[in-house]
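J.: Using the hints, build the complex out of the two chains.
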Amino acid sequence: MGLDAVLLSRIQFALTIGFHYLFPPLTIGLAALMVFMEAMFHRTGDRLYESMARFWTKIFAVNFALGVATGIVMEFQFGTNWSAYSRFVGDIFGSPLAAEGLFAFFLESTFLGILVFGWDRVSPRMHLVSTILVATGSILSAFWIIVANSWQQTPAGFRIVGEGAMRRAEITDFWAAVFNPSTMTRYVHVILGAFILGAFFVAGVAAWYLLKGRHVAFAKRSMTLALVLAAVSSTAQLASGHHQANNVAEHQPIKMAAYEGHYRSLRGGAPLYLFGFPDDDAMKVRMGIGIPGMLSFLIHNDWKEPVPALDQFPREDWPPVGLTFQSYHVMIALGMYFIGLSLLGLVLLRRDLLFRTRPLLWVFVFSVAGPYLANQFGWTGAEVGRQPWIVYGLLRTSDGVSRSVSAGEVLASTLLFSLVYLGLFILWLWLLGRKLKHGPEPLETSTAVPAGTRSQEA
Amino acid sequence: MDLNILWFNLLGVLLAGYAVLDGFDLGVGILHPLARKDAEKRTFMNAIGPVWDGNEVWLITFGGALFAAFPHAYATVFSGFYLAFMLLLFALIFRAVSMEFRSKAESPVWRGFWDKMFFGGSTVATLLFGTAVGDSIHGIPVGADMEYAGGFLDLLHPYALLVGVMTVALFAMHGALYLVMKTDGDLLARVRRAAGRAFTVYLVLWAATAATTLAALPAARETARTNPASFAILALGLLVLVGIPFSLRKEKPFRAFLLSSLHIATLVGLLGTHLYPNLVISSLNPEWNLTIRNAASSPQTLRNMTIIALIGVPLVLLYTVIIYRTFKGKVKLGETSY
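From first to last, the protein sequence lines stand for chains A and B. Read in order, the letters of the first sequence are residues 0 to 457 in numbering that gives the first Met the number 0. Read in order, the letters of the second sequence are residues 0 to 337 in numbering that gives the first Met the number 0.
With the rest of the complex left out, here is chain B (with noise of 0.2 Å):
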C-alpha cells in the first residue's frame, strides 16, 4: 500500500480517536453547569478522572505523527493559526489544572473560580477545535511558498464559526451520553434530558452545517458528486445519529454512546474524503494546496513512522481496554477521588 495514503488514513484514525475520547471529556466540561450540588460536580469530573490524561495522548500523538508524516502541513497549520492555537493551550491548560486544583481546598470561591475554568476551558477548547477543522474544509490562504497568507480574522468566517458551534454541541451530545452510563438518581434524569436536548440542538446545527457545506463549497459538491463513498459515510452518519435517541429510550445507555462515537468518525471520514488528496487546501490557488506528496516526509521516514505504529498502535488499544474495563459502571467518590 502506498504510505502516503496509509498516513492520511493512520492521521484519521489518531484524529477520531482524540474526537471520540477526548470529545466526551470536554462534553463533560461543556455541561459541567448542569451539575448543581457539590457532590454532583465532583462526580462529573471523576467520570473523566482516570482517564481524561490518556484520551489527551492522543492529540498529542496526532501532532507528533502529523510533523514525522507530513511537516510541511504540520509547519504550515500550526504557524498559520498561531493565535488560535495559543488560545487552545491556554484552554487546555486550564482545563487540565482545574481538575488538579479544585477539590484541593473547601472554599466555594475557590471551587467556584475552577467550575469556571473547567466549563470555559473545555468550551472555547472545543470551539477552536470545531472552527480549525472548518477552517480545514473550507480552505486557508496559504501562499506559493507554503506559509500562511492571512491573518487571524481569516479564520474566524462565518462557515469556520458554523462547524466550531456545531461541535460543541456534539460534544455536549457525546459527554452527556457518556454520564449516562457513570451517573445514577436524580442527577442521571437530568444528564438523560441534556443528552436529549444536546441530540435536538446538534441535529439540527449538522443538517445546517451539510447543506451549508455543499452549497457554499462547489469542492464539497464535487467530493459529493466524484467519490460515492463521501455519500455512503453521509448516509451512515445520519443512519447512527437517529439510532442515539432510540437507544437512550430502550435504557441501552452504551448502545448509545457507542452510535455517538460512530458518528464522530463518520464526521472525521467525511473530513477525509473531502480533503484527499490534500492536507491543506489553500482558498487562494490550488496549485498551492499542501498535498499527501508535496506535504510529506522522505519514504524512509513514512516506512520507520508505519513500523513504529505497527508495534505501538496495538499496545495502545490494550492500554485502553484495561483502563476502560477497570473503571467501568456509575461513578463512586472517595478517599482518592478528585
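This is chain A alone, in the form it adopts within the complex (with noise of 0.2 Å):
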C-alpha cells in the first residue's frame, strides 16, 4: 500500500497542481494589462481603451472562478493527501497559506466583484482602484504561495524538534523562512512567467482578430501594448532564469546535475546542453549536442571550473533525471523563443509591417500555446528535480503521505479529478472560444464613461 499511495498521491498532485496551474499565470498577467488600459482609459477618455478594459476583464473572470475552484482542491490536498507533511511542515508553511487567505485572496476576490458587476454601480475611479487592487491581490498571493513552495526548495529559519512520526520543523526566524535563499529568485521568475503568458495570450487573441479583419482599432492597440510587455518580460526572463539556475546550483546541487544530465564529475569545466537524452544507466547524455565548458561558464563565470555531477550524490537521492533534463531544457528552448518573435514582432511593428505580415500573425496565434508550456514545465522541472524529497535535504516525499489514506481511496479519486477536470477543461475551451469569438461589445453600447468627460448628447 506504502509505495501505491505514494505514487497515486504524486499522480493526483502534479494532475491538480497542472490543471490550476493554468489559471493563476493568466489571471496576473491580464490583470497587469488591464491595470494599463483602464488607466490609459482614465487619463486619456479614449472608448476603445475602456473596450479593452471591459473585454479583458470577462477574460479574466472566467479564468479566476477556474482558478479559485481548483485552488481550493489544493489547500485541501497537504491535509488529505500529505498529512504526516502537513504535521512535519505546519509550524512553517501554514502560516503563508494563512497569509495568502488574509493579504491576497480577500482583496482580488472581493475587488473582482466590482470589477466585473461593478461598470454601472461604482464611478470610474473607483472602478480603476478595483482593477489595481485586484492586480495587486494576484501578484501578492502569488509571492505568499511561492514563499511556502520555496521553503521546501530551500528550507530556512528553522530547526528540527521531535522524534520519528513526531518529528517536525519549527520556525526559529520568520523572516529568514519568508525570504529562504530562493524565494525572491523564484517569485520573480514566476511573475514574469505569468506576464509572458498574459502577453501572448492578449497578442495571439489581436493576431486572429487582424486575420480575420474584425475588431481591427481594437486588435491593433492591444497587440501594441502586448507586444511591449512580452519583448520586456521575455528578455528579463532570461537574466532572471539565469539568476534561478545559479541559485539552483548553489542550493539544489543534484537538481542543477539533473537539468544538465550531468553525470560524472569532470576534471575541467561540464558542459551545457542545447539537446539530448539523459541515460541513468549509462551515465550519459545520448545524442547530446552541448556546448563545452558553458555550464562552468554560466554558473562560476569560468568555463574550466568543475560543477558538481550526480555521481558525487547517493543514487537514491537522484531526481528522475529524464524528466526534470527535458522539461528543464524545453522551458530554456521556449524562453528563447519568446524573446526572438516578440523583438521580431516589436521591429515589424516600427516599420509599420506587422499588420500586414499575414504568416506572422500567424505564428502570434499559435504561439499562445508557448507560454502555457513554459509555465508547465517550467513548474515540472522545479518540482520533479525537487525529489525525492517532499522537503529537500529534510522530508522524502515517501515519508510525507497521509498514512491513514489508502490507495483505493487515492486511486478512487484521482480518477474523479481526471474526470471532473477534463469536462472543465473542455468547457473552458469552449467558453473562451465562444468569449474571443464573440470579440469585445462595440464602442457606442458601453455606458461608463469617466467623470467630467461624459459627453452631453449621448
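Since the hints were made in silico from the structure, they are not lab data. We put the CB at the ideal spot given by N, CA and C, even for glycine. Careful: at least some of the hints might be erroneous.
[Said to hold, decoys possible] Heads up, incomplete: computed chain A residues facing chain B, CB under 7 Å, no partners named: (1) GLU74; (2) SER85; (3) GLY89; (4) LEU96; (5) SER108; (6) ILE113; (7) ARG120; (8) THR135; (9) SER264; (10) GLY392; (11) SER403.
T.: What follows is the structure, encoded as C-alpha cells:
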C-alpha cells in the first residue's frame, strides 16, 4: 500500500496543480495589462481603452473562477493526501497559506466583484482602483504561494524537533523562512512567466482578429501593448532564469546536475546541453549536443571550474533525471523563442509591417500555447527536480503521505479528478472560444465614461 | 492572553464568518429550484454574483489558519475525512462553475443542467459541512498516533447526518432571508413563504438536534452542566431565532437576516464551548484527543500568525463592507450579469 498511495498521491498532486496552474498565470498577466488599459482610459477618455479593459476583464473573470475552484483543491490536498508532510511543516508552511488568504485572496476576490459587476454601480475612479487592487491581490497571492513552495526547496529559519512521526520543523526566524534563499529569485521568475503568458495570450487573440479583419482598431492597440510587455518580460526572464539557475546550482546541486544530465564529475568545465536524452544506466546524455564548458561558465563565470555531478551524490537521492532534464530544456528553448518572436514583432511594428505580415500573425496565434507549456515545464522541472524530497534534504516524499488514507481511496479520487478536470478543460476551451469569437462590445453600447468627460448628448 | 486560546477563538470567528456569509450563498443554491422563469433563476444567481467568491475565501482562510495554528488537527481531520472532503471539493467546484457557465449559452438543456449542478453542489456541500460538524461534536475514531482510525462509513452515523440535514434547513432559511432583501414582486412573495417554511422545518430540526445531543452525548451534558456560558449562548440562539418571523412580519428583512446571522454565530459558539479545549475528540480514548496544546504550532508561529491576523482581519472587514455597500438593494439584471 505504501508505495502505491505515494505514487497515486503524487500523480494526483501533479494533475491537480498542473490543471490549477493553467489559470493563475493568465490572471496575473492579464491583470497587469488591464490596469494599464483602464488607467489610460481614465486619463485620456479614449473609449477604445475602455472596450479593451471591459473585454479582457471578462476573460479574466472566467479564468479567475476556475482558478478559485481548482485552488481550494490544492489547499485541501496537503491535509487529505499529505498529512504526514502537513504535520512536519505545519509550523512553517501554514502561515504563508493563511497570509495568502488574508492579504491577497480576500483583496482579489472582493474587488473582482466590483470589476465584473460594478461598471455601472461605482464611479470610473473606483473601478480603476478596484482593478489595481485585483492586480495587486493576484501578485501578492503568488508571493505567498512562492514563499511556501520555496521553503520546500530551500528550507531556512527553522530547527528540527521531535522524533519519529512527531518529528517536525519548528520556526526559529520568520523572515529567514519567508525570504529563504530561493524565494525572491523564484518569485521574480514566476511573475515574469505570468506576464509572458498574459502578453502572448493577448497578442495571439489580437493577431487572430487582425487575420479575420475583425475589431481591427481594438486588435492593433491590444497587440501593441502586449508586444511591449512580451518583449520586456521575456528579455528580463533571460536574466531572471540565469539568476535562478545559479540559485539552484548553489542550493540544490543535485537538481542542477539533473537539469543538465551532468552524470560524471569532470576535471575541467561542464558542458551545457542544448538537446539530448539522459540515460541513467549508461550515465551519459545520448545524442547530446552540448557546448563544452558552458555550464561552468554560466554558473562560475569560468569555463574550467568543475560543477558537482550526479555521481557525487547517492543514487537514492537522484531525482528522475530524464523528466527533469527535458522539462528544463523545453522551458529554456521556449524562453529563447519568446524573446526572438517578441523582438521580431516589435521591429516589424515600428516599420509598420506587422499588421500586414499575415504569416507572422499566424505564428502569434499559435504561440499562445508556448507560455502555457513553458510555465508547466518550468514547474515540472522545479518540482520533479526536488524529488525524492518533499522538503529538500529533510523529508522524503514517501514519508509525507497520509497514513490513514488507502491507495484505493486515492485512486478513486484521482480518477474522479481526471474526469471532472477533463470536462472542465473542454468547457473552459469552449467558453474562451465563444468569448473570443464574440469579441469586444462595439463602442456605442458601453455606458461608463470617466467623470467629467461624460458627453451630454449620449 | 494565551495564544492557543486566542487561535481557538479566531478559528471560531473564521468559521462563523464562513457559515454566515457562504451560508446564504449555499442557501440560495438550495432554494434555486424555487425560481421558475429564467429571469428568476438569474436573479438568484446574481444576488450572490459579486460576493460569493469573497465569501468562499473565508473557508480558504479557515483552512490555512487551521493548518498554521493547529497542524495536527488539520492533518488528522483532512486525511481522516478523505472521501467526504473529496466529495465536498467536487460539490464546491460544480457549484462555482455552474454560475460561471450557466448564462453562456441560451439552450434550455444547457441551462437546466447547470441549474441542477448549482442546486446539487450547494445542497451536497451544505450536507457535508453539517455532517462534518456533527462528527466533530460526536467525536471520531482517532488513535494514539493522532491518525484517523476509522473508515468512510464511520462518518455517516445518524447523529452526524441529523446535524447535516439540520444545516441544510438552516442555510435554506438563511438564504431565503437574504433573498427577501434581493428580490421583488411575485418572486419576493414566494421567497418570503419559503423563508417561513424553512424557519419552521429548521426550528423542529434544531430542537431535535438539541435534544439528541443532550440525550446521547454525555460530554455535551457535562458541558451544559459545568459551563454556564454554553447555556447562555443556547438561550441567546433560541431568542434570536424566534425573533426572525416577527422581523419578517414587520417588513424588516435586514433585521431578520441579521438575527439569522447571529443565530449561526451562536451555533459556532456552542460548538466551541463543547469542544474546548479540544479540537478533535477521539471516540476511542479521551487521552488521544487533539487539544489546543498538543495539536498546536510553536509559540513563535502563533505569535507571527497573531500579527498577520491583526493586520489582515481589519482589512478583510473593510473590503467586506465596501462590497456589500456597493451591491446593496434589489438585484437588477444587466449586461454584465450572469
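J.: Which earlier hints can't be squared with this structure?
T.: 8, 9, 10
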